[in-house]
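Novice: Each chain, letter by letter, is given below.
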Amino acid sequence: MTKEDKVNFKFFKLRLEDVEKEAPFKSYDPADESGSYMRRAKDATADLDETPKWPTGLHPVKREALAVLRDLIDLSENARMAGLIK
Amino acid sequence: MTRFWLRKATSSVAVVALSCSAWAQQADFNEVGRQMAIMLQNSHFARLPFNEELSRRFLEDYLKDLDFQRLYFTQQDVDKFTRDYGDNLHTLLLQGKFMSAASDIYRVFEQRVEARVAQTTKLLNAAEFDFTANESVMMSRKNAVWPKTEKIAVDLWRLQIKEAVLAEVLRRELLTKLAKEQGKTDPGSEDRSPKDKVLLRYKRFLSSVKDVDEEEIANYFLSAVARAYDPHTDYMSFREMNRFKDGMKNELVGIGALLQAEEDGATKIMGIVIGGPADQEGSLKLNDRVMAVDTLNTRKTGDMTDIMFMKIDKVVDLIRGKEGTSVALKVEPAGGAPGETKIVVIQRGKVELKDEQASAEVIEMKTKKGAARRLGVITLPSFYADFEEGKVSCAKDVERILKRLIEEKIDGLILDLRNNGGGSLEEVRRMTGFFMDRGPVVQVKNTLGQVQVKDSENGKPIYNGPMVVMTDKSSASASEILAGALQDFNRAVIVGDSSTFGKGTVQQPMDIGRMLPLFSVRNRAGFLKVTIQKFYRPSGSSTQMDGVKSDVVVPSLMDALEVGEAFLDHPLPHDRIRRAPDFEPRPPVKKNFWSQTPSKRNATSSAGRVSKK
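Residue numbers (our numbering), protein chains in the order written: chain A, 1 to 86; chain B, 87 to 699.
Calculated from the structure, these hints are not laboratory results. These numbers were taken from a predicted model, which means no experiment stands behind them. Hints may be right or wrong, so weigh each one.
Said to hold, decoys possible - With a Cα cut of at most 25 angstroms, we get these calculated PhoX-like pairs of lysine-lysine:
| id | chain 1 | residue 1 | chain 2 | residue 2 |
| --- | --- | --- | --- | --- |
| 1 | B | K428 | A | K42 |
| 2 | B | K331 | B | K400 |
| 3 | A | K21 | B | K440 |
| 4 | A | K42 | B | K371 |
| 5 | A | K42 | B | K283 |
| 6 | A | K10 | B | K454 |
| 7 | B | K452 | A | K13 |
| 8 | A | K3 | B | K452 |
| 9 | B | K263 | A | K53 |
| 10 | B | K454 | A | K3 |
| 11 | B | K452 | A | K26 |
| 12 | A | K13 | B | K495 |
Kindly produce the complete structure, drawing on both the sequences and the hints.
Specialist: Quick look at the structure:
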């Protein structure tokens with residue numbers, strides 16, 4: 001799934017401070033969890049956690065939401081083409 | 087201006103900031119209780135009769151707050167409290183005499199905790215436990231009966247301690263095994279023995295139980311009284327109110343460090359805000375252990391307060407202060423020689439909680455035909471707002487982000503409201519208007535049954551394209567208004583857990599100090615956050631208890647947990663009112679489309695595309 005994601009997805013991030021500066025969206029890897037505003041102490045116990053991460057760092061709810069939105073865009077475009085919505 | 091809050095109770099985060107200051111005089115809490123009792127009767131939505139039945143609920147909830155697992159008090163204690171106070175706490179409150187009852191019960195609790203911790207010391211110093219015996223322990227005793235006698239309580243406690251030691255032994259064994267398998271250092275190798283760890287845990291708890299003053303006892307008791315009305319009505323002490331205000335505006339004044347109470351009594355630096363005051367000063371490091379605090383940085387020996395075994399919120403209060411002032415910390419450096427200490431002086435400053443602000447993503451996603459879709463995602467952790475100065479507004483932030491996303495030519499939008507516990511009613515009303523034509527966003531009903539319809543502000547939406555809202559069991563209150571309105575108008579598809587939290591009530595903060603008699607001391611009287619209204623979706627249904635049900639349910643562990651309004655004590659019931667007069671939903675995209683499985687949905691939508699060619 002991660003391999004497919006690399007072909008199918010590109011991720012860009014924008015924080016509020018970037019909006020204020022009119023800075024461009026920055027490309028980022030959602031699987032990389034280091035992009036926080038706080039440096040945190042290393043937790044040796046948490047480091048041993050073997051629970052697998054979600055592929056590409058995409059939680060299933062977000063993955064499904066993206067799929068639903070894609071379907072919704074298709075439906076809307078089709079309806080617009082058919083003259084059902086303006 | 088009146089401010090309304092729509093937020094479920096949240097745990098406090100120990101990011102250091104805000105006010106210390108001495109408080110020589112403080113309000114008479116008996117009088118505070120009397121005024122609060124009057125305010126509850128006059129303002130609470132439910133208009134509960136202030137009588138013996140409610141008094142018994144006050145007592146039950148106070149005991150539950152103190153001894154949630156029913157391990158300290160015995161049935162004999164409870165019977166005595168019921169005899170002495172069960173039917174008259176409401177009268178004591180109105181007579182301004184509740185503090186003697188609250189303190190009496192608290193002191194018995196303190197004695198019971200002392201006795202249990204003394205027993206813990208004895209048990210852990212005695213011979214090894216026999217883990218081969220056939221014994222069992224209830225993991226949750228919240229619905230168990232109180233131990234009938236002290237003898238039964240002592241035996242229950244023995245089992246609790248035995249289980250705590252066994253759990254610690256098993257935890258160590260698991261960590262050792264995992265570390266060995268992964269070729270990493272065993273984190274438990276230099277740790278205390280399981281028995282020492284358990285003993286320190288309970289000593290720390292005893293210390294926190296003993297380290298309470300009159301203000302804290304009043305806080306515990308008045309909170310129980312308020313929450314007996316509904317789970318979101320609460321008494322907030324002066325300190326809690328300051329933290330709540332900071333949380334609402336996503337900004338603090340402090341040193342920008344995350345603290346954690348250690349079992350051995352010290353306070354450890356677990357996080358440092360990048361660019362915050364501690365980070366800029368540079369001397370304070372991760373894993374440093376704070377031993378004492380000179381809140382005014384006078385450098386006089388007597389002004390350095392020992393914080394060993396002090397409750398974390400009190401430590402936070404000592405470190406917090408006014409912007410521009412300095413605090414001195416006595417610190418044991420991480421990795422330093424035994425007994426080595428240093429003094430770190432940091433000037434307090436503003437700390438923005440940037441992780442709590444609105445943010446955005448653009449995700450380019452390829453369709454099956456290879457075309458790229460640009461999908462915008464706005465993440466909103468709460469409906470934050472600065473109620474005092476009006477400088478911070480999540481609606482303004484989302485508006486700016488949304489306009490930028492439109493400039494980026496997004497094909498569709500996801501609004502992520504997961505873990506968003508709510509916030510300002512005004513902000514959610516404004517924000518809903520960004521996504522739909524002018525119309526009703528929410529209806530509020532007061533205690534007299536009068537219904538007011540709140541419309542969106544914008545004449546035309548800022549964004550009118552395809553839209554999905556992500557929710558989960560933690561999406562509450564203001565999140566439920568937004569998700570509910572967008573669902574009612576068929577404006578967005580809701581994706582997530584089976585439903586949202588289920589909070590459908592509005593709270594208003596009331597300063598109890600302002601209600602105290604003329605010339606009385608008002609300092610630190612606290613606030614009553616009281617439920618004054620219920621809210622309803624444009625379609626007329628309340629989100630209370632039921633929440634907003636997802637159109638597309640993604641299986642989730644949260645659905646198996648006891649999360650939501652229905653699992654809280656004394657929730658108000660679900661009900662319906664009439665539809666809002668101007669409620670005119672759009673036609674749905676396709677009937678029952680979103681309840682299909684993704685593969686079926688894809689087939690249907692593909693078929694749709696093929697047939698139109």
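Novice: For A/K21 and B/K440, compute the direct alpha-carbon distance and say whether it is at most 25 angstroms.
Specialist: Roughly 15 angstroms between the alpha carbons, so the hint for A/K21 and B/K440 holds.
Novice: Under the criterion that the straight-line Cα-Cα distance not exceed 25 angstroms, is the pair B/K428, A/K42 satisfied?
Specialist: At roughly 22 angstroms apart (the allowed maximum being 25 angstroms), A/K42 and B/K428 satisfy the hint.
Novice: Regarding the pair B/K454 and A/K3, is the alpha-carbon distance no greater than 25 angstroms?
Specialist: holds, 16 angstroms
Novice: Would the hint linking A/K3 and B/K452 be met if the CA-CA limit is 25 angstroms?
Specialist: Answer holds: A/K3 to B/K452 is near 14 angstroms, not above 25 angstroms.
Novice: Checking one constraint from the list: CA of B/K331 to CA of B/K400, max 25 angstroms. Satisfied?
Specialist: holds, 18 angstroms
Novice: With a cut-off of 25 angstroms on the C-alpha distance, tell me whether A/K10 and B/K454 pass.
Specialist: OK: A/K10 and B/K454 at ~15 angstroms, within 25 angstroms.
Novice: Going straight from one Cα to the other, do A/K13 and B/K495 come out at no more than 25 angstroms?
Specialist: Given that 25 angstroms is the threshold and the Cα spacing comes to 15 angstroms, the pair holds.
Novice: Run the distance test for B/K452 versus A/K13: straight-line Cα separation, threshold 25 angstroms.
Specialist: holds, 18 angstroms
Novice: Below or equal to 25 angstroms on CA atoms is what counts here, so check B/K263 against A/K53.
Specialist: holds, 21 angstroms
Novice: Please verify whether A/K42 and B/K283 have alpha carbons no more than 25 angstroms apart.
Specialist: holds, 21 angstroms
Novice: Given the hinted pair B/K452 and A/K26, is their Cα-Cα distance within 25 angstroms?
Specialist: holds, 19 angstroms
Novice: Does B/K371 sit within 25 angstroms of A/K42, going by the straight-line distance between their CA atoms?
Specialist: holds, 12 angstroms
Violation of the numbered hints given earlier is absent; every hint is satisfied by the structure.
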